[in-house]
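2 protein chains.
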Amino acid sequence: MDKPVFADIERAAKRIQPHIRHTPVRTSSHVNQKAGCEVFLKCENFQRTGAFKFRGACNAVMSLTDEEASRGVVTHSSGNHAQALSLAAAIRGIPAYVVMPENAPAIKVEAVKGYGASITFCDSTQEAREATAEKVISDTGALFVHPYNNPYIIAGQGTAAMELLDEVPGLDLVLAPVGGGGLISGTALVCKTDRKPVDVIGAEPEMADDAYRSFKAGTLIKPDRVNTVADGLRTSLGDLTIKIICDFVDDIVTVSEESIIRDMRFIWERMNMIIEPSCAVPVSALFDHKIETAGKKIGLIITGGNVDLDHLPWQRKNS
Amino acid sequence: MDKPVFADIERAAKRIQPHIRHTPVRTSSHVNQKAGCEVFLKCENFQRTGAFKFRGACNAVMSLTDEEASRGVVTHSSGNHAQALSLAAAIRGIPAYVVMPENAPAIKVEAVKGYGASITFCDSTQEAREATAEKVISDTGALFVHPYNNPYIIAGQGTAAMELLDEVPGLDLVLAPVGGGGLISGTALVCKTDRKPVDVIGAEPEMADDAYRSFKAGTLIKPDRVNTVADGLRTSLGDLTIKIICDFVDDIVTVSEESIIRDMRFIWERMNMIIEPSCAVPVSALFDHKIETAGKKIGLIITGGNVDLDHLPWQRKNS
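Protein chains in written order, with my numbering: chain V, 750 to 1068; chain L, 750 to 1068.
These are computed hints drawn from the structure, not numbers from a lab.
Heads up, a few of these hints could be off.
Identical copies carry no separate label here, and so any pair may be met within one copy or between two of them.
[As the list claims (entries may be wrong)] In silico DMTMM-like cross-links for lysine to aspartate or glutamate, where the CA-CA straight-line distance does not exceed 20 Å:
# : residue 1 : residue 2
1 : 763       : 876
2 : 862       : 1018
3 : 783       : 859
4 : 1045      : 859
5 : 945       : 879
6 : 965       : 1041
Same shape as in the complex, but just chain V:
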């Protein structure tokens, strides 16, 4: 499989169905009021391992031949993909090797350990992650499963939007955050396949706006060193995700760090659910009116809820 298509997402949905959780779609009058439209939140923070990433990882692991699988899987990740791959590997009964940046939140490290994976720590740069993963691969013979620039991963992530469109007919627009682009790519493939296409807009932190700049330029622009509270979005696009984004995504908008922290707290307080800073990025796009919302029905993919409760962003000054 090279570039995934809609049929790959349908196959992924069948393949992962016995293992994933069909997550709820929630609404909130407080959110609707602030956004000025009807918003439907697909709660992947209630997915197994606490994030949508389990969909893609599960699809990738369950797609391996027995011979491939027996060698185990490797990845580098800021955390959620690592947990997801570790659980998927544990379900299939194969080894998982995880390269994580040293500044990954403690709870994510503990969770990966809890699923029985072997961890190798490295610097937090993209380069250090890739180099360390290379070394693990040559040491173990395991297969590398990229967190997003992989067609099976993209197809798996698209199943969240597929469930959302099935459950909420008549959506005008689906919003998702953009990190490496796996989720928005899978989402766009789903939204543009139906006979009546649904708009797809990506949201990104201003402090990590490589996808925004790449989308506007029509070509992959590598980020400068990024520094956003939305730790899940610090990664840059890949050659596969940039292509899908340029072909199928309608727009990418950016939001400030201040808004991300404010709206993360808003969702915690008003919807009583824990979302990561990354999830607040599309919420801020709505609340800061970066998108035309009036009269629309908007779907929003809440990507995950794995947060270090000892280091909440609105309490940074005390930590």
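Got chain V; can you put chain L on it based on the hints?
Showing chain L alone in chain V's frame:
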């Protein structure tokens, strides 16, 4: 209506149906593993106003005659009933007067204001609340709606268990926290009406164990001054709730403050949802094996999620 019966809960369910949210039932492999059984969490932290209390308040307000309603409603509450009554009154378009203890969490005070109610503050003792409410009643002519010792409130609260039993057939046991006893009374009326009765056990903090002692004595024992982190459970039983509890509840167990804080955090981290300390009380009863759980299917009512995010119990030392 004096002592409510099952038919009152059926009527309440119909009456409040257009206004309440049908909340999801969630499961977690982490919770099941720790409890040693199958646990089904009825998520009233996702109810409107963030707590089950809206069910009872809505039933009470919608049951008033037009003449009664026009005078408005009054209550004293540590917070959740106050929000619930304020929203119910706002929906019916009548005034709400709320007496709140001065140490009520800021977010609860703000929410009550947000629903348009008038607030009068008082000391945090039961006596001060009652005296202040009396004064408001004589000043305004509004009707007092007790937070729990009221048959319409009890009937409304019972609708949560009714939904839970409908959605999860074959439950062996339903667990709920006990504060004033409104929720456990309504829950017991539902669980003991069916042809195949379901066990009902209440959970209470050791530091506010008046219901435990009253249940064992078979008569109302007023608490000493209570001091538990579970602020929603600081109230004592009423003459109506003690009767129903003695008639229909199978047991009441108590748990430590340490366990409450530990298990509140466990649910936040493992289920990515925000629960109040009160909700963790029955969770602790499971995790500390205060109840025989092996092989059972247990329903657990998660009562609310209104927490002051600037004062989390595991961060008390910093605040």
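> Is it within, between, both or neither when you check residue 965 against residue 1041 at 20 Å Cα-Cα?
Replying inline: within (19 Å within a copy, 61 Å between copies)
> How would you classify residue 763 and residue 876 at a CA-CA limit of 20 Å: within, between, both, or neither?
Replying inline: Classified as neither: same-chain Cα gap 35 Å, cross-chain 61 Å, threshold 20 Å.
> With identical chains treated as interchangeable, where does the CA-CA distance between residue 783 and residue 859 reach 20 Å or less: within a copy, between copies, both, or neither?
Replying inline: between (36 Å within a copy, 17 Å between copies)
> With identical chains treated as interchangeable, where does the CA-CA distance between residue 1045 and residue 859 reach 20 Å or less: within a copy, between copies, both, or neither?
Replying inline: Answer is neither: 41 Å inside a copy and 29 Å across each miss the 20 Å cutoff.
> How would you classify residue 945 and residue 879 at a CA-CA limit of 20 Å: within, between, both, or neither?
Replying inline: neither (40 Å within a copy, 60 Å between copies)
> How would you label the pair residue 862, residue 1018 (within, between, both, or neither) given a Cα cut-off of 20 Å?
Replying inline: between (31 Å within a copy, 15 Å between copies)
Hints 1, 4 and 5 from the earlier list are contradicted by this structure; the remaining hints agree with it.
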